[in-house]
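J.: Protein sequences, first through last, are from chains A and B.
Going by the working numbering, the residue at position 211 of the first sequence is 200; the numbering climbs one at a time, nothing skipped.
Take any residue in the second sequence, count from 1 to its spot, add 26: that is its number in the working numbering.
The hints are simulated quantities; they were obtained by calculation from the structure and are not laboratory data.
One thing to keep in mind: the hints can contain errors.
DSS-like, lysine-lysine: derived pairs with alpha carbons at most 30 Å apart [to be verified]: (1) A:Lys175 - B:Lys363; (2) B:Lys363 - A:Lys110; (3) B:Lys363 - A:Lys112.
Now the in silico label distances, taken between C-beta atoms and shown as ranges [to be verified]: (4) A:Glu61 - B:Gly183: 55 to 61 Å; (5) A:Glu67 - B:Gly183: 53 to 59 Å; (6) A:Asp30 - B:Arg42: 49 to 55 Å; (7) B:Gln53 - A:Glu67: 32 to 38 Å; (8) A:Ser139 - B:Gly333: 51 to 57 Å; (9) A:Ala115 - B:Pro191: 55 to 61 Å; (10) B:Leu214 - A:Ser64: 53 to 59 Å; (11) B:Phe143 - A:Lys13: 50 to 56 Å; (12) A:Gln78 - B:Gly333: 58 to 64 Å; (13) A:Val99 - B:Leu280: 42 to 48 Å; (14) A:Val99 - B:Leu51: 25 to 31 Å; (15) A:His174 - B:Leu168: 48 to 54 Å; (16) B:Pro133 - A:Arg118: 54 to 60 Å.
Output of the computed footprint for chain A on chain B, the stretches with three or more beta carbons under 8 Å from beta carbons of chain A [what the hints assert, rightly or not]: (17) 48 to 60; (18) 242 to 253.
Glycine included, C-beta positions come from ideal geometry on N, C-alpha and C.
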Amino acid sequence: MNNQDSLVRMVNISKNFGTVQALKNVDFDVGYQEVMGLVGDNGAGKSTLIKILTGVFPPDTGEIYFEGKKVEIRSPKEARDLGIETVYQDLALIPLMSISRNFFLGREPVVRIGPFRFMDKRKMDATVRQVLSEIGINVRSPEEPVAILSGGERQSVAIGRALHFGAKLLILDEPTSALSVRETHKVLDFILEAKNRGLSIIFITHNIYHVYSVADRFTILEHGRKVATFKKTEVSAEDIIEIIRSGYKEGKCQR
Amino acid sequence: MTEERRAAGRVKSPPRFLHEIVAWLRQHPEFGAFAGLLLVFTGFSLTATRFLTGDSLAGILTVAAELGIVSAGITFLMISGEFDLSVGSVLGVAAMIFALAARAGWPLFLGWILALFASASIGFLNGLITVRAGIPSFITTLGTMMFWRGILLAVTGGFPVSYFPAITPTMFLILNGRFAGQFRASALWFLGIILLLNIILVRTRYGNAVYATGGNRDAARVLGVATDQVKIINFVISALLAGLAGCIQFARFLSVDPMRGLGLELEAIAAAVIGGTLLTGGAGNLIGTLFGVLLVGMVRSGLVQAGAPAYWYQAFVGVIVVVAVVVNTSLRRWALK
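Isolated chain B, as found in the complex (with noise of 0.2 Å):
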């Protein structure tokens, strides 16, 4: 081969370093909300003068995390194919349960305790209807997410529920005590149940379950998953960690009204798919719903403190997330071509 043609057939065949980048490009869907996470962070730095400061970025975790651990469990359930819609409503009656065991003069650990058993248990029963009866979760989870609803405007009827003790108690502190400045427990339950459950989904068996049962059923079950137990135990997930979320959220607000956590489920789903995990399950992780949650923290801090109307908010995160899904799916198809 003469050393003409060899630089030719070198200029044919794409560059190495190409290869690589499309490598691993479609090992990291989380990728995309990174760079939107950057984008946004770096457009608010510059407009919005106090951005770029201590108590702005623990405001931003602080509403990050609450939306995140629920987000992190929606996560955890669409991987394995499922939805759960009623994230909002059952957020909502764990924090009422928390509020009236506290009031009835319970221990707070008690009612904390009740308040995830029951929030386990809806969870339970979601996963149970979807998986027995063979019917979308879609469904499943709309139907649920109406009843709890109803439930809590019934029994509370449509009155907040308060609790302010003398002294904060220590579970409350524990739950979503302050530190450092104006950063919130809050923010260490969301990181730390992000860590455990990428930990799960990418270092166990049971996490390859998970994945093979979104990414297809028939084939995970042939090959010996058990994938309803498996779609059964993320709803429990799912359930239990939106739960904890209400529980945490009362903690900072000491109070609870039966609309709380409405349309929560959407935001929560929104921060999961910009994060890169797929609405058909299959694919994803919870660093891309790490990014998607704080990318969402970010626009609703960071519009109110450049000066735009607080209704601006959801109209950015509506952009955002088709903008996010239309770059994830261009990459991952680029990627996998």
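In isolation and in its complexed conformation, chain A is listed as follows (with noise of 0.2 Å):
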């Protein structure tokens, strides 16, 4: 596969705390409209290897390719500027804060009065109203506090961020976790939303039939290696859940 074809492509990725190998040569790469599932067991590498392309820190040794060309992420600021939105699990909004403070946290739009530069809360809570209706969330107005909304209305929110700001790549980190039956489905419907809007997303979780269920892709880390990368059509979430479980035997999940 050229550079071409992924939207992100990750080469030869390592990365070392003291004396502990996070990771280890790992390629990894997401196509165009495609949905990654990234999983592993705990401490198989999976957090660092986000954490590297959403900038948080710099890789040992690896390259980064973003829509082909090479990148180097120093921030997070800058992977958001790259496209790449990141919800994380329990980072994704700040409880006490307002809805529409929180859509726009570090992207406020403002209007100018002489020198000053003031929040446009009109536009905010406009923009955050029709994205609130769009989900299907109903709140009485965009100003109440993230705290009164469920765990499965905090992910979409984030998620509804994202599609907003026009990301290219979206990355959920155990988006399901804690959500109940109901809201898990319509958050997995949301990731399949997204997808048809033209997003990439990488899929983060330990619960492989959250995953299963919308990824076209997966990428199997272990022990900071990637074990392997698999075609849904060349494996069943037994299958995944096997090879996490007992670690991956060449041939017997034949590509």
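Fit the two chains together into the complex; they arrive one by one in their own frames, and the hints show the way.
T.: In structure tokens, the structure reads:
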């Protein structure tokens, strides 16, 4: 596969923390309008890989290509500017702040009055009201604190925010882990909706069944190494669980 | 659906106006302090005969303003998730620098700028240590509180420094001159600062960053907020305003002793939390602090006017702090349910 075929391509990524090798020579790519499931047990290196991609820390070795061009992502803001939006499980939104302040955090529209710049609250509230009605969340006002939303609603707002700001790649870190069955389905539907709108998605999770229902491909990590990448047609959910549980054995799951 | 059923359904869901009230409370943490202020105001109006006069109000404002300028800075810093226990010492240092510069024959304006610059530098140091070392600001500023107080005592040898010019200089009039009877310029400084900081907090992108930094530092950081920078700036604001309050107070007393501002930090934090600012950061506003400071000021003047010995003041404020935070917390929990 050459660089033009994938939205993001990480080549030969390694990262050490002191004496711990968190990632070793990992290759990873996500195609255009593709949902990639990133799975593996705790400590497999999923978070480390994603944090490198989102500019939280740099890799020790390796290269990242985004839309075919080599990039260096030095901060979360730079990742965002490229069009990489991350929805962290616990860090998606700030509970005590209003929905509309959360939605625009770091990217607030402003109006100039003389030398001063003020947040354009009217525009913020109007936008958020519209996005919320699209998602199907019913709140009295965008000025309500996020704390009154349910877990699924919060994930949806965060995903809606990524869509609104024209993200190209959406990274979801355990988006369904704390949700009820009904809310999980809402969020999974919303992930497919995002894909239909042209986004690529990396879905990190422990719940293989959740990711299996929406992903096109899966990458399995184990102890900082990439075990394999499968297309959905090549494996069943049970196969993936078995690989994670007992380690990957060549030949058992033939490509 | 029958008429009966519909009526039953209506009874089950709480009335709409209650929803509106709850939602309003969620967005107005300062309500508790306002209610308390009204209560105390009414109480003193009934018990202290001279409470409802212009002079009395001016007296309250004079006490409240100097505390309030400090508390405004503390509030801003607390919303971003940090503390500043050194404001009392900074107030003393700034007043002392202002006084010594005046005695040395410097132009007052220059002495004032020097005092503010020194205060801001102390704040910057507080912020830098806290952020770089990653330690609680409670500890950092506990240390700097003691350090600067010690320096003050060492430099002055424990003696007060005074400056009594023959004619009151313009600089002193600007800082704390009288107008409209017993009112003082400090009240205008206080209200102006509250207004300015609240506009920054509520209406600007920086304010949004302040709330986010205190609400959840890690979340704010991954969303691209420069949280360390926000904290350092707020430490500077807090110390700068403490320094300003020191200069304003000096312009009133024309004298400063090395124990000036002792214990002020706790009073300033008390006023902020009475006004609904969360000790843990992420919530609060300056309007709440305005009410909190006025409440504290009113209790101080009101008790004296009602004939109670001045010692009761501290006991009373202590009760108010606890009651206010209990009320604020339950209101918040109830509104977020």
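J.: Failing hints, ascending?
T.: 10
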